[in-house]
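2 protein chains.
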Amino acid sequence: MHSDESIPDMIEKKAMKATHKALCKYGYADLTMKKIADESDRCKSTFHYHYDTKENLLVNFIQYLLDGFEKRMVPETEDPLKKLNGFIDRMLFGLGDEETAESFHTALIEIRSQAPYNEKFRGQITKNDEYILHITTNIIQEGIEKGRFKNTDPKNTAIVILSAIYGARARHISTDRNATEELRTALDWILDELIVK
Amino acid sequence: MHSDESIPDMIEKKAMKATHKALCKYGYADLTMKKIADESDRCKSTFHYHYDTKENLLVNFIQYLLDGFEKRMVPETEDPLKKLNGFIDRMLFGLGDEETAESFHTALIEIRSQAPYNEKFRGQITKNDEYILHITTNIIQEGIEKGRFKNTDPKNTAIVILSAIYGARARHISTDRNATEELRTALDWILDELIVK
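Going line by line, the protein sequences match chains H and W.
According to this note's numbering, numbering within the first sequence proceeds without interruption in unit steps and concludes at 185.
According to this note's numbering, numbering within the second sequence proceeds without interruption in unit steps and concludes at 185.
Just chain H, with the same shape it has in the complex (with noise of 0.2 Å):
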């Protein structure tokens, strides 16, 4: 790896488009960089030049799910409840089309299930992991503040919303069940209930 150089911005691009196409067509566990190139118009050994391993590409991958993380998953909105909605859905069934959501959800799910075996991995997945908590707890602190949520602990809140929402993923690609819609629906009661004043 070349860590004193800093990667081109397009290259970086191409890469990142490239990983997140090859990681919801064959998973983590069958991904390779060749299969990475592939997906994009550079070659295996750019990428390798530029990230060394496929560990290392994965590492900038999700890092990079965080830039804009913000701008994509929270609908722009003056109302609080709309925007914890349409986070939740956001988290839930993805911005685009129901197969690429679950492909997507399921490479996520193989990647933390190998955290704890890979310290890079474990690293960045907490850096996100709190990124995200802190983006949950502050709609809902926005929401309590313009008094259209109940006065209600906003941390501990968003850390049953996200926890549920991961669980229900992770539930959703490995049974028949339709979890992520379950839980949908269960969280629009419990909102109703908890939250909304």
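To be clear, the hints were calculated from the coordinates, so they are not data collected in a lab.
Worth double-checking, as some hints may not be accurate.
You can't tell identical chains apart in this list, so a pair holds if it fits in one copy or across any two.
Straight-line distance between alpha carbons at most 25 Å, and here's what the computed BS3-like set of lysine-lysine pairs gives [unchecked claim]:
1) K32 - K5
2) K134 - K185
3) K9 - K115
4) K1 - K32
5) K71 - K59
6) K185 - K71
7) K185 - K138
8) K2 - K32
9) K134 - K108
10) K70 - K185
11) K185 - K143
12) K185 - K42
For chain H, the structure is supplied; the task is to place chain W on it using the hints.
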């Protein structure tokens, strides 16, 4: 596999205990029939004879986790809140030491992450998921009937609690945060608001 012959109880018991030990020790990805057999006093060929493949042995193991699940995971008490809290504790922290619980949850998440590619795993995990959801719903239902819990929706509440438990276990093993302890605190607070009279 000799599916026309049932597996003798003693072999089944040894195989299941050995699989549990081997999963905690090596995780799912590095698991072999040899490593499983080495955790018992039987040799690899005995397990191959009765279970044929590692996949088949693991499906039996997921099924085995349900045997006595309620007795093992739900404390015997007349107080529905103690029952719910005890169940949540056992689901989050396991029955033994913390390290074993973490290794075991890691292995379960690895198996879950393979379920999208493996119909047999998915079928068995679906059964487990539905049974555990049923148990959780019943605990809440009992609390409502005894007048100890608010007149809440038992199934929706159970879906949120269970999803959050699975999500927190995944966050716990894949980050440097103590996510199970954090969820325990958050749930205490949620239960107080939502359920307890």
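Hints, verified against the model:
1. Only within a single protomer do K32 and K5 lie at most 25 Å apart by alpha-carbon distance; the minimum there is 14 Å, versus 45 Å between protomers.
2. Taking the shortest alpha-carbon separations for K134 and K185, only the intra-copy value of 11 Å comes in at or below 25 Å, while the best inter-copy value is 28 Å.
3. Taking CA atoms no more than 25 Å apart as the test, K9 paired with K115 passes inside one copy only; the shortest distance there is 23 Å, against 32 Å between copies.
4. When the C-alpha separation of K1 and K32 is checked against a cutoff of 25 Å, the pair qualifies only within one copy, where the shortest distance is 15 Å, while the shortest distance between copies is 49 Å.
5. When the C-alpha separation of K71 and K59 is checked against a cutoff of 25 Å, the pair qualifies only within one copy, where the shortest distance is 12 Å, while the shortest distance between copies is 42 Å.
6. Within a single copy, K185 and K71 get their C-alpha atoms as close as 15 Å, which meets the 25 Å cut-off; across copies the closest is 31 Å, which misses it.
7. Within a single copy, K185 and K138 get their C-alpha atoms as close as 5 Å, and across copies as close as 18 Å, so both meet the 25 Å cut-off.
8. For a Cα distance limit of 25 Å, the shortest separation of K2 from K32 inside one copy, 12 Å, qualifies, whereas the shortest one across copies, 47 Å, does not.
9. For the identical chains of this complex, K134 and K108 are neighbours neither inside a copy (40 Å) nor across copies (49 Å), given an alpha-carbon limit of 25 Å.
10. Taking the shortest Cα distances, K70 and K185 sit within 25 Å of each other inside one copy (14 Å), while across copies they are farther apart (30 Å).
11. Taking identical chains as interchangeable, the C-alpha atoms of K185 and K143 lie at most 25 Å apart whether they share a chain (18 Å) or sit on different chains (23 Å).
12. In this assembly of identical chains, K185 and K42 lie within 25 Å of each other by CA distance neither inside one copy nor across copies; the values are 48 Å within and 53 Å between.
Consistency with the previously given hints fails for numbers 9 and 12, ordered from lowest to highest.
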